[in-house]
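Colleague: Sequence:
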Amino acid sequence: MPQKNGNPVAVKIYEGFRSMNKDRKAVIVREIRVMRRLSHESIVKYAGIYNEANALYVLMQFLNGGSLHSLVKNHENGKLSEETARNLFKQICNAVNHMHARSIVHRDLKLENILLDSSGRIKVIDFGFASIVKNDARCRMRCGTPSYMPPEILLKKEYDGFAADIWSLGVVLYAMLHGGYPFRGNGLKELYAKILQGDFPLSVHLSDAAQQLLCGMLTLQPVDRLTIEEILAHPWVTGQTS
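Going letter by letter, the sequence shown gives residues 1 to 242 in UniProt numbering.
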């Protein structure tokens with residue numbers, strides 16, 4: 001296993017880097033620049049880069065605790081209790097708060113991009129779609145994973161990347177608590193129609209606070225969604241519910 005300073009590292013390899021077109025190189029450089037700006041216990045640690053022949057190697061913290069997707073899938077009944085979900089979700093939100101405070105939007109938050117270390121602590125990974133947003137600029141690139149995409153991206157509008165991250169966070173929490181996605185369809189056309197409609201079922205077994213939080217994140221209008229600061233202060237997240 002590759003190591004740096006005696007510690008195992010994960011390696012992301014970009015073959016043919018030197019011969020890539022300018023746009024593809026720019027995406028990779030942006031990803032590295034984003035990772036360099038981040039330093040948080042719930043975000044995978046960037047460990048450096050090096051070139052060899054015609055390949056670029058990006059070194060990152062090695063994580064062997066599996067993905068949040070696998071954790072949820074293999075849990076009893078394929079979903080998490082509110083207590084377990086709260087502990088993990090708070091860590092994810094702290095990571096997103098760190099990003100947003102540094103004008104960084106992730107744009108591909110999903111269960112598969114959230115890993116755990118050997119102690120079961122959360123680490124957000126994969127900044128391939130991430131962007132540094134200057135002066136509250138709007139995002140244009142349509143990116144992300146279909147089941148986690150907010151309606152404004154599907155409508156091909158310029159969008160608020162921070163609010164888009166909140167929608168994806170809502171899908172993450174929903175999946176943790178329900179064992180499935182809030183919006184489902186037979187094919188992308190039906191899935192997108194359900195997302196644009198904005199209606200989703202909520203388990204009657206969820207607490208009122210959990211239901212309220214999900215509705216606050218999965219709101220059709222971006223300006224009406226909770227911010228990451230509001231989520232972290234929400235009674236369900238703080239555990240201050242009656």
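Check before you lean on any hint, since a few could be wrong.
[Said to hold, decoys possible] Calculated lysine-lysine pairs in the DSBU-like style (CA-CA distance at most 35 Å, straight line):
1. 134 - 194
2. 90 - 22
3. 79 - 25
4. 194 - 156
5. 12 - 45
6. 79 - 12
7. 157 - 90
8. 22 - 189
9. 90 - 73
10. 157 - 73
11. 73 - 22
12. 110 - 12
13. 90 - 12
14. 22 - 110
15. 45 - 79
16. 73 - 45
17. 110 - 79
18. 134 - 189
19. 189 - 157
20. 90 - 110
21. 45 - 90
22. 25 - 189
[Stated by the list, open to error] Label pairs and their in silico Cβ distance ranges:
23. 199 - 25: 19 to 27 Å
24. 235 - 25: 40 to 48 Å
25. 55 - 212: 42 to 50 Å
Derived by calculation from the structure, the hints in this document are not laboratory data.
Quick caveat: nothing in here was measured; it's all calculated off a predicted structure.
Cβ coordinates follow ideal geometry from the N, Cα and C atoms, glycine included.
Colleague: Run every hint past the structure and note whether it holds.
Modeller: Okay, the hints, checked on the actual structure:
no., hint, in the structure
1, 134 - 194, "32 Å, holds"
2, 90 - 22, "38 Å, violated"
3, 79 - 25, "39 Å, violated"
4, 194 - 156, "16 Å, holds"
5, 12 - 45, "13 Å, holds"
6, 79 - 12, "31 Å, holds"
7, 157 - 90, "30 Å, holds"
8, 22 - 189, "33 Å, holds"
9, 90 - 73, "20 Å, holds"
10, 157 - 73, "34 Å, holds"
11, 73 - 22, "40 Å, violated"
12, 110 - 12, "19 Å, holds"
13, 90 - 12, "28 Å, holds"
14, 22 - 110, "28 Å, holds"
15, 45 - 79, "28 Å, holds"
16, 73 - 45, "26 Å, holds"
17, 110 - 79, "15 Å, holds"
18, 134 - 189, "33 Å, holds"
19, 189 - 157, "18 Å, holds"
20, 90 - 110, "15 Å, holds"
21, 45 - 90, "19 Å, holds"
22, 25 - 189, "32 Å, holds"
23, 199 - 25: 19 to 27 Å, "42 Å, violated"
24, 235 - 25: 40 to 48 Å, "46 Å, holds"
25, 55 - 212: 42 to 50 Å, "49 Å, holds"
When held up to the earlier numbered hints, the structure conflicts with 2, 3, 11, 23 and fits the remainder.
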